[in-house]
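Peer 1: Fit chain F to the given chain G structure using the hints.
Protein chains in written order, with numbering that gives the first Met the number 0: chain G, 0 to 136; chain F, 0 to 136.
Honestly, the hints are just simulated from the structure, not real lab data.
Just so we're clear, the structure is a prediction, and the values are computed from it rather than from any experiment.
Any given hint could be a false lead.
[Unchecked claim] Simulated DEER-style distance windows between Cβ atoms:
1. F/F45 with G/G91: 43 to 49 Å
2. F/K59 with G/H64: 49 to 55 Å
3. F/G57 with G/R116: 57 to 63 Å
4. G/E80 with F/G20: 33 to 39 Å
Backbone N, C-alpha and C fix where the C-beta goes; we use that ideal spot for every residue, glycine too.
Protein chains: 2
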Amino acid sequence: MSKVKGSRAERELFHMLWNEGHAVVRSAGSGSTTKPAPDLLTSNGFKTMAIECKSIKGKKKYFDHTEILQLNLFANTFGAEAWLGLRFDNVGWFFIESKHIVKSKGESLLLTLDYMRKKGLTFDELIGKYEQKKLNL
Amino acid sequence: MSKVKGSRAERELFHMLWNEGHAVVRSAGSGSTTKPAPDLLTSNGFKTMAIECKSIKGKKKYFDHTEILQLNLFANTFGAEAWLGLRFDNVGWFFIESKHIVKSKGESLLLTLDYMRKKGLTFDELIGKYEQKKLNL
Numbered sequence: 000m001s002k003v004k005g006s007r008a009e010r011e012l013f014h015m016l017w018n019e020g021h022a023v024v025r026s027a028g029s030g031s032t033t034k035p036a037p038d039l040l041t042s043n044g045f046k047t048m049a050i051e052c053k054s055i056k057g058k059k060k061y062f063d064h065t066e067i068l069q070l071n072l073f074a075n076t077f078g079a080e081a082w083l084g085l086r087f088d089n090v091g092w093f094f095i096e097s098k099h100i101v102k103s104k105g106e107s108l109l110l111t112l113d114y115m116r117k118k119g120l121t122f123d124e125l126i127g128k129y130e131q132k133k134l135n136l
Numbered sequence: 000m001s002k003v004k005g006s007r008a009e010r011e012l013f014h015m016l017w018n019e020g021h022a023v024v025r026s027a028g029s030g031s032t033t034k035p036a037p038d039l040l041t042s043n044g045f046k047t048m049a050i051e052c053k054s055i056k057g058k059k060k061y062f063d064h065t066e067i068l069q070l071n072l073f074a075n076t077f078g079a080e081a082w083l084g085l086r087f088d089n090v091g092w093f094f095i096e097s098k099h100i101v102k103s104k105g106e107s108l109l110l111t112l113d114y115m116r117k118k119g120l121t122f123d124e125l126i127g128k129y130e131q132k133k134l135n136l
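Next up, chain G with everything else stripped away, as it sits in the complex (with noise of 0.2 Å):
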């Protein structure tokens, strides 16, 4: 994924959040500091939430570990639940709580859009638009 596309996917749903009334700041942090900064942060005073956001051109994105414990570093310190928000090109946006994901031996975590579709969650079902029937795992 390119840095700029990233970007974009991460400011559209800073939009989008902002527009139902969660407030959300983009975090600077990623590239100056050794501490943990997820993409987004953002709540409405009752849902507080850290997203690592990801643009997939494919159907499949692999996730490093590393990047996973540290928004989880970060979201357990915050007080926040940690989401992975993952946005395909032409079909859109899947979210998952990181504690629902899979742990594999290997250093890198596979999401397919298959398997988000199954186990994820819209957006609307996210931020609770609807009952959040896919939530208990």
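Peer 2: Relative to the frame of chain G, chain F by itself:
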């Protein structure tokens, strides 16, 4: 205040907070969006603060009311406390919660070193290291 100096103060506070176990993000938003964005957003899971930082050469600083209204708007939506952090050269940091700032009729608000020494909190008081004697003004 120069942008560079403001940014340096912001980074200093960023590290001070992490060192005390508070997760912090620096916001990337201030320039690229019309949405309100505090300089820093921090929490240890109990106390969540949106902080606007200023680096001050002399003994006083004017704030735009708009800036404080934007800070309040963000903090209220996110569910955070709204704080101003003032770093006076050769003196150090003082903090005041925006709700404790006395409103004035003009377009800007004056905060002086004397006032902050009397009414503000030190960093240790802010993070609850010492009894927060001055919290109830």
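Peer 1: Please write out, lowest number first, the hints stated earlier that are contradicted by the structure.
Peer 2: As far as the earlier hints go, 1 and 4 are violated by this structure, in ascending order.
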